[in-house]
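Student: Sequence:
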Amino acid sequence: MGLDEIRDRATLTVEEAAELLGVGRSCAYDATRRGDIPAVRPGRRLVVPIPALIRLLEQPVGDQQPA
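Taking numbering that gives the first Met the number 0, the leading residue of the sequence shown gets 0, the next gets one more, and so forth.
Think of the hints as simulated: they come from the structure by calculation, not from any bench.
Check before you lean on any hint, since a few could be wrong.
As the list claims (entries may be wrong) - Label-pair distances were calculated between CB atoms; the ranges are:
1. Glu18 - Arg54: 17 to 25 Å
2. Arg54 - Thr12: 25 to 33 Å
3. Asp3 - Arg43: 23 to 31 Å
4. Asp29 - Leu56: 26 to 34 Å
5. Glu57 - Ala9: 13 to 21 Å
6. Arg44 - Leu20: 27 to 35 Å
7. Arg24 - Pro48: 14 to 22 Å
Heads up, the beta-carbon is just placed ideally off N, CA and C, and yes, glycines get one too.
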């Protein structure tokens with residue numbers, strides 16, 4: 000899955016975001032709990048908004064927010 004495939008969607012599951020970021024599922028869920036990966040819970044599902052994920056992907060590695 001690449002950025003071109005997701006641009007027409009509003010959100011991704013945490014599992015899909017993990018695949019795109021190249022991290023494991025549990026690592027992605029931990030990152031959402033810490034706020035490192037922005038996520039919302041509309042109802043029971045936890046999803047990652049595409050615009051927020053794209054901003055995260057475009058952020059230079061050295062510019063990460065401290066935990």
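Student: When the hints from earlier in the document are held up against this structure, which numbers fail?
Tutor: 2, 4, 6
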